[in-house]
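Residue numbers (my numbering), protein chains in the order written: chain A, 1 to 193; chain B, 1 to 193.
FYI, nobody ran anything at the bench for these hints, they're computed from the structure.
Watch out, some of these pointers could steer you wrong.
Intra- or inter-copy, both count: the list cannot distinguish identical chains.
Subject to a maximum C-alpha distance of 20 angstroms in a straight line, what follows is the list of computed EDC-like cross-link-like pairs (lysine to aspartate or glutamate) [as the list claims (entries may be wrong)]:
hint	residue 1	residue 2
1	131	116
2	51	106
3	131	159
4	121	68
5	131	60
6	121	91
7	131	84
8	121	53
9	51	18
10	121	60
Number of protein chains: 2
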Amino acid sequence: MARWEPGSRERLQQAALDLFAEQGYDETTVAQIAARAGVTDRTFFRQFSDKREVLFAGSERLLALFVDAVAASPATDPLQITTDALHAAAEFFPQDRLPWSRTRADLVFTHPALAEREQLKMVTLASAVAKALRERGIGEPAASLLAHSTITVFQVSFDVWLREGDERSMQDVQRETFDALRSTLTPASPPPA
Amino acid sequence: MARWEPGSRERLQQAALDLFAEQGYDETTVAQIAARAGVTDRTFFRQFSDKREVLFAGSERLLALFVDAVAASPATDPLQITTDALHAAAEFFPQDRLPWSRTRADLVFTHPALAEREQLKMVTLASAVAKALRERGIGEPAASLLAHSTITVFQVSFDVWLREGDERSMQDVQRETFDALRSTLTPASPPPA
Chain A
1 MARWEPGSRE RLQQAALDLF AEQGYDETTV AQIAARAGVT DRTFFRQFSD KREVLFAGSE
61 RLLALFVDAV AASPATDPLQ ITTDALHAAA EFFPQDRLPW SRTRADLVFT HPALAEREQL
121 KMVTLASAVA KALRERGIGE PAASLLAHST ITVFQVSFDV WLREGDERSM QDVQRETFDA
181 LRSTLTPASP PPA
Chain B
1 MARWEPGSRE RLQQAALDLF AEQGYDETTV AQIAARAGVT DRTFFRQFSD KREVLFAGSE
61 RLLALFVDAV AASPATDPLQ ITTDALHAAA EFFPQDRLPW SRTRADLVFT HPALAEREQL
121 KMVTLASAVA KALRERGIGE PAASLLAHST ITVFQVSFDV WLREGDERSM QDVQRETFDA
181 LRSTLTPASP PPA
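Extracted from the complex, chain A is given alone in its bound form (with noise of 0.2 angstroms):
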């Protein structure tokens, strides 16, 4: 027997967007939200610890999707256990979740408080994908270079699939920004010998 609503999650998240964006994110109660799903402020809290959760509630499975391909890929080349890594937390953005992730972006960095939350959410990726690194044998500097250079094309392809993504898909996307990311830092002619 479900403990909670079946698709109560889905709709709470849905009753958030719409009203953070009709009338502000400040403006909105959780009273608010709860009542547009048509659920009580107890199924909320089963559910989201406060509104901001509403935002940030995919964070911890976003990092699991990183730490997880980095712990269980078969490759043994770092760079290609990152580009595993990266082709598994893409899954996390289907193109039907496109909508909801702009509706999002556009709210989080037009709020200062939500956008620093949406940037630390960055940090720690890269910090848990370093560690997830190290587990697997890779030292340092490489571990923290890869890690960051992970979530540095993770960020930057997710602004360019939220921009044009009805056409390409987030992993084209993250493929294209990696070859982008090697060629920017590739010397344009050799350094002398």
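Dock chain B against chain A, hints included.
Structure of chain B alone, referenced to chain A:
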């Protein structure tokens, strides 16, 4: 005529760091810092807005070093421009700054709110460098990728410098870290054609 006591800024910074180490950051007041430095509270507030700013007052100068160097670099190759910017930023960390930087880092990274502030400082740096690169005519995503990579090299190098900086300068560490970044992002064998 000086508007504040000569040398009071450095004395206040040292006094604050000593007191934070001796009795804890949270327990230390501005009045105690001023008294230890032998100046009035008013002199403190002419230099810093609060005790946290004593630890972060250098941020704007570091950011200016990066941004000004991107603007002023004689190079046209984007990679060389960022290399010049890293070189300029390293001037902010001469070897005689090591003891202060080490004590400051120990404090910041054992204090979650200060560590968050430090991380957000890095995010601000990356955004500022990306903007400066775009103003040099470098397009996206290259500008963002290079800016993030510049800050990655800076951050990883700074950790290495703090750990083993008695031997190597920040500039030398950064040069090696940049090489390490490029080599970690180079595929072990060429991808199949």
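Results for each hint:
{"no.": "1", "hint": "131 <-> 116", "result": "between (23 angstroms within a copy, 19 angstroms between copies)"}
{"no.": "2", "hint": "51 <-> 106", "result": "within (16 angstroms within a copy, 34 angstroms between copies)"}
{"no.": "3", "hint": "131 <-> 159", "result": "between (25 angstroms within a copy, 16 angstroms between copies)"}
{"no.": "4", "hint": "121 <-> 68", "result": "within (17 angstroms within a copy, 29 angstroms between copies)"}
{"no.": "5", "hint": "131 <-> 60", "result": "within (16 angstroms within a copy, 31 angstroms between copies)"}
{"no.": "6", "hint": "121 <-> 91", "result": "within (18 angstroms within a copy, 31 angstroms between copies)"}
{"no.": "7", "hint": "131 <-> 84", "result": "within (16 angstroms within a copy, 31 angstroms between copies)"}
{"no.": "8", "hint": "121 <-> 53", "result": "within (12 angstroms within a copy, 24 angstroms between copies)"}
{"no.": "9", "hint": "51 <-> 18", "result": "within (13 angstroms within a copy, 41 angstroms between copies)"}
{"no.": "10", "hint": "121 <-> 60", "result": "within (9 angstroms within a copy, 24 angstroms between copies)"}
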